[in-house]
Amino acid sequence: MADGLATVAVVLAGTLAAATPLVFASLGELVGEKTGMLNLGVEGMMLVGAVAGFAAAAATGTPFVGFLAAAAAAAALAALFGVLTLYLFANQVATGLSLTIFGIGLSAMVGRGYVGIPLDGLGPVAWPFGLAELPVVGVLVFGHDPMVYLGLAAAVAIAVGFKHTRLGTVLKAVGENPTAAAALGHPVRLIRLGAVLFGGAMSGLGGAYLSLVYSPMWAEEMTAGRGWIALALVVFATWRPGRLVLGAWLFGGATLVQLHLQGHGVAVPAQLLATLPYLATIVVLVVISRDPVVIRLNAPASLGKLYTPER
Amino acid sequence: MPLNFEARDRPSGVVRAVAPVVAIALTGVFGLVLFWLLGHSPVTALHAYFVAPVSSVRGLAELALSATPLVLCAVGLAVGFRANVWNIGAEGQLLIGATCGGGFALMVQDFGGAGPCVLPAMLVAGIGGGMAWAAIPAVLKVRFGASEILTSLMLTYVAGLVLGYAVHGPLRDPDGFGFPESKLFEDDALLPILVAGTRLNLAAPLALGVAAVAWLAMARSLIGFELKVIGVAPHAATYAGFSPRRAVWIGFLVSGGLAGLAGVCEVAGPIGQLTPEFSPGYGFTAIIVAFLGRLHPLGIVLAGLVMALTYLGAEQAKITLGLPEAVTGVFQGMVLFFLLATDGLAHLRVRWRRTRPAEAGA
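Heads up: the protein sequence lines correspond to chains A and B, in order. Numbers given in my numbering equal positions in the first sequence, counted from 1, plus 653. Numbers given in my numbering equal positions in the second sequence, counted from 1, plus 640.
For reference, chain A alone in the conformation it holds in the complex (with noise of 0.2 angstroms):
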């Protein structure tokens, strides 16, 4: 009894830290969506966070450098889809999708002397009185490296953020209305461009996760779909954090279910094992968006939609 509670507070762990990447990555496209900017790069730059943070941490040894080049680097990948949509007014799907091109090429290009290097990545937070050691309690709460608390954090800020802070609300009249934002004096592009800049940021900081702690090392498109899974989860989550790190540790689940399966040998293929986590993130897409008013409720009213300025 106390073995199997135990194993089960292992894989609950396990579920944690196969989440936090998705965490990071949909918390800050949330917050980008929040004020209208749909930006499909996050692919991308969950690739580009992932291998300069694996770049920087090589370098200086400290992955804490790593996680801030990560987030610097994907963020300046961020800046171009601002740039373009904003002042330039792009196409944000075309954009996003070519941000995500560019990002996976560019990742190869830069990673390629770092493939097949070992690195020291970044261990457990060192709890003071044992806390790690104390049974089943430890492991699910005290055994995890900072990040994992960092994206919890960084979740509730944001709920809290938008429900109750006059910045929250300022970002959410951005993405429902922003002509009336503009007439209200604020400074829409200016928002919207500082909100995507966030959602690089977390991308990189996720896609850094993988290559930092998840597994430390470095390999071409290791992000396997994940940024595209953080967009689903986006919409799966309806806009709101709270939800969103329920459907992050979901789909973490799906994942550690699919390599334990796979462990223990059951009698289904590898490869159509693996299909797991892309055909939950279509179930649950379609499951969410089958009512259409709920989609339309909680959806930034201008999501996607083109803003010109009006002078």
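Quick caveat, the hints were computed from the structure, so don't treat them as lab data. In this text the structure is predicted, and so the values were computed from the model without any measurement. Even for Gly, the Cβ is constructed at its ideal location relative to N, Cα and C. Keep in mind that a hint or two might mislead.
Claimed, not checked - Each pair of labels, with its calculated beta carbon distance range: (1) A:Val936 - B:Tyr879: 30 to 38 angstroms; (2) A:His917 - B:Arg656: 54 to 62 angstroms; (3) B:Phe670 - A:Glu874: 41 to 49 angstroms; (4) B:Ala873 - A:Val940: 27 to 35 angstroms; (5) A:Gly916 - B:Ala657: 39 to 47 angstroms; (6) B:Phe751 - A:Leu959: 52 to 60 angstroms; (7) B:Ser883 - A:Leu912: 41 to 49 angstroms; (8) A:Val940 - B:Ala836: 38 to 46 angstroms; (9) B:Gly849 - A:Ala877: 36 to 44 angstroms.
Stated by the list, open to error - Coverage of chain B stretches by chain A, computed from C-beta distances (three or more under 8 angstroms per stretch; other residues unrestricted): (10) 784 to 794; (11) 888 to 898; (12) 926 to 932; (13) 969 to 980.
Got chain A; can you put chain B on it based on the hints?
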């Protein structure tokens, strides 16, 4: 209010035709700077990337060969893009088309029944497979309102795994030393070569024919007109009784079918068997080709040739300069960035000129 109108307004035809050329030129300039930063002589790099690959008959044939799947996919995608139907999963439809067509050929071979009918049947199976795969996001969009961007993309990952499963499992060559590859196709299941000594095959003129038909259909048929109206003015389209659902179906079935055709033409052409990673992302690059070609079949043929050069150039640069093939993605992304930026600048100029009289009138 005139500003709103103007940002949505398209710049003149001249600007629209010139912008892709400017984008390609800017990409070239930035590419040279990139090579220079990487420590290569720009002249050598320029030669390796853009001149050497096409300075022989064989090279030109390879260019047309690489452009073929890009044109096939992009012509189909452009049909949907015109109506704001975003099929991002052409790569998946291409892989499934190849799996269906190739699987059919292998099945017929196992029964020993090859013949002149095999190849046409393979092409049909490829088109059917691509259409069926594209029908999934279409039905999910029409029936449940699920974002076709995300579902078609997720299905691309699934398609890659399905092909991987097929060549690791049921379609693996039993005498292949355990490699995840199918048997080689027999001659009846291969597209005939057009120019001796090259790999250029029947698929290239087929792609040109498809582009011509698409041009006619989009320019002359009522459905082509409907799709354009739905894309440019959705509200007006609704009043005119044009169905957005039908646009989704047409957009996905046409692009899926053509992507499937592109896939089966690859495996029945230069590849000659089913392998897990035969496509270097043609279905994704085709998205850029469609935009660079201005969603117009003729433009797409030209854009397809340009983008094919990024593949050949990367291959050449890998051999002579030791550059990674990933440079291709960097170039392709850059082309689209510059295209979008050039378009934006064109818009800005239009806006600046037109505001004056509006203000004077007010």
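Here is how each hint holds up against the structure:
| no. | hint | verdict |
| --- | --- | --- |
| 1 | A:Val936 - B:Tyr879: 30 to 38 angstroms | holds, 36 angstroms |
| 2 | A:His917 - B:Arg656: 54 to 62 angstroms | holds, 58 angstroms |
| 3 | B:Phe670 - A:Glu874: 41 to 49 angstroms | violated, 23 angstroms |
| 4 | B:Ala873 - A:Val940: 27 to 35 angstroms | holds, 32 angstroms |
| 5 | A:Gly916 - B:Ala657: 39 to 47 angstroms | violated, 57 angstroms |
| 6 | B:Phe751 - A:Leu959: 52 to 60 angstroms | holds, 56 angstroms |
| 7 | B:Ser883 - A:Leu912: 41 to 49 angstroms | holds, 44 angstroms |
| 8 | A:Val940 - B:Ala836: 38 to 46 angstroms | violated, 56 angstroms |
| 9 | B:Gly849 - A:Ala877: 36 to 44 angstroms | holds, 38 angstroms |
| 10 | 784 to 794 | holds (count 9) |
| 11 | 888 to 898 | violated (count 0) |
| 12 | 926 to 932 | holds (count 3) |
| 13 | 969 to 980 | holds (count 9) |
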